Amino acid sequence: MNISLVATESEPKGIKFKDVKEGQIVQGTTLVKRGFAHMQKHGVIMDVTTVEQAQIAEDSGAVAVMVLDKLPYDVRKAGGVARTASIKIIEQIMDEITIPLMAKCRIGHISEAKMLESAGVDMIDESEVLTPADEESHIWKWDFTTPFVNGAKNLAEALRRIEEGTSMIRTKGEPGTGNIAEAVRHIKNVNNDIRKLNSIYRDNDDLELIKFSRDLKVSYNLVKETARLARLPVVNFAAGGVATPADASLVMNYGCDGIFVGSGIFKAEDPEQRARAIVLATTYYDDPKVIKEAQKLVDEKKSLLGLDTKNLELRMQERGPSI
Amino acid sequence: MNELKIGILGIQGDIEENINSTKESITNLNLKGTVISVRHPEEIKNLDGLILPGGESTVIGNLISLNGQIFQTIKNRISNGMPVMGTCAGLIMLSKKVYDKFIGQTKQQLLGVLDIVVERNAFGRQHNSFETNLKIPTLGPVPFKGVFIRAPIITNVQDNVDIMCSFDNKIVAVIQDHIIATSFHPELSLDTRIHELFVKKVIDFKKSYN
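If you're matching them up, the sequences are chains A and B in order. According to this note's numbering, the residues represented by the first sequence are 1 to 323, in order. According to this note's numbering, the residues represented by the second sequence are 1001 to 1210, in order.
In short, the hints are calculated from the structure, not lab data. Worth double-checking, as some hints may not be accurate.
[What the hints assert, rightly or not] Which chain B residues face chain A? A few, computed with CB under 8 Å, are given here:
#, residue
1, N1020
2, R1039
3, I1078
4, N1133
5, D1168
[Stated by the list, open to error] Sample of chain B residues lacking proximity to chain A, with all beta carbon distances greater than 12 Å (derived):
#, residue
6, N1002
7, N1030
8, D1115
It should be emphasised that the depicted structure is a prediction, and the values quoted were computed from it without experimental measurement. The C-beta atom is built at its ideal place from N, Cα and C for all residues, glycine as well.
Start from the sequences and build out the full structure, keeping to the hints where you can.
In structure tokens, the structure reads:
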């Protein structure tokens, strides 16, 4: 089996049975939802706000687009409340591109999520880039037929979101900063904890595993599955601060399955070349010759200037429920 | 016979899943062989068989066409008889002609070696994706679990193409000589029978030139 199917919910409401001429089909299963995320692997998912940007993204090799009202960089500048994108824009983009379309909803905002599901978006990002709607809890994602992606800055957060039914994890990083440091920190956090788990698993020390799960505040089954796999049980992407081809290569080398790029492309002055270069660097992440060629396609003077993550007014990674 | 050498096109998509299924198939058939991810023309030149995995066909087409070498090498090898299998995006890559159910014509690169016409996103968007039990006579009476993810269907085949599986009046798997293509993802099922079918074609090919 190539997709881990350990699930916390035994009868998810998101599963739908339909009769067809030759038997029955089943939609919204763990396999179909996580399977969708697996199809994004080794790819670059690009944040877009307009039809024009979505077309540039598709033409330069994006594996999917993420539709927002404002790019994270502009969310920081604008202040106020950041909400899900207009349905009109989402529908316009759907009519123009053939690759999957994802959209963000506010953390805990079940109605925004239901609305996005009914609009037909292919994946919903319950995202800290938008202003959280619920400070106590996330969405119970097993209720949806559409798969979700969630951010995590450590293993505990990642496994809790998987328990709630998410089909894909991304690092939180610090979106809109053009600074890769926080994403790197989050990837390493997760990797280090998984390494510990795996060595406990190989020692057959179940008692240590259950202590680990108590520490992380997640179920023993999920911890054991993660320990056995020596990786997260769902696809894991890097996000929050990718700005150059070399950034993409760096996070892929740390074992990420793919990349989200937010402000890094359309807040740079050379979006088309940069999008193409980041795609190339993601596929050939471990080949320095190709990374050099990809980096040549972009001009550092045109990169998003970026922000120091230490002096931010808004730390997006700290938003939302703590459990 | 020397060890088999099978490549999975390692550009984008579920590459590792296909590597695992192929390795398992080789073991099940009591054979020896290596299965690797390939991203450079020189790696493709000495393969005994190639799998184009699931993923996004626009992305894979885009990247193999960047420097025409990968594209041309794959095309030449297939024309010279090397067995190839495409699942979902891979099926689209192999086809002669493709259109999107909603958008119509797409301007993507195709290898054009399989004489079929393909409709992309034929079942709709992700919330319409599904799994179901398929009847595939070539594989015997036990049904095969088909995992369809934003899957394409085959709307037209030429006479030289054998239909391997139809579902709900739609063609979802075909064989043309040494080319196997499925609109679902056999690499996501527990079942390796389709990958084994492909490995058997690879053996035949290897025998033919040894």
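Here's how the hints hold up against the structure:
{"no.": "1", "hint": "N1020", "verdict": "holds, 5 Å"}
{"no.": "2", "hint": "R1039", "verdict": "holds, 7 Å"}
{"no.": "3", "hint": "I1078", "verdict": "violated, 21 Å"}
{"no.": "4", "hint": "N1133", "verdict": "holds, 6 Å"}
{"no.": "5", "hint": "D1168", "verdict": "holds, 5 Å"}
{"no.": "6", "hint": "N1002", "verdict": "holds, 28 Å"}
{"no.": "7", "hint": "N1030", "verdict": "holds, 22 Å"}
{"no.": "8", "hint": "D1115", "verdict": "holds, 23 Å"}
Comparing the model with each numbered hint stated earlier shows that hint 3 is the single one that does not hold.
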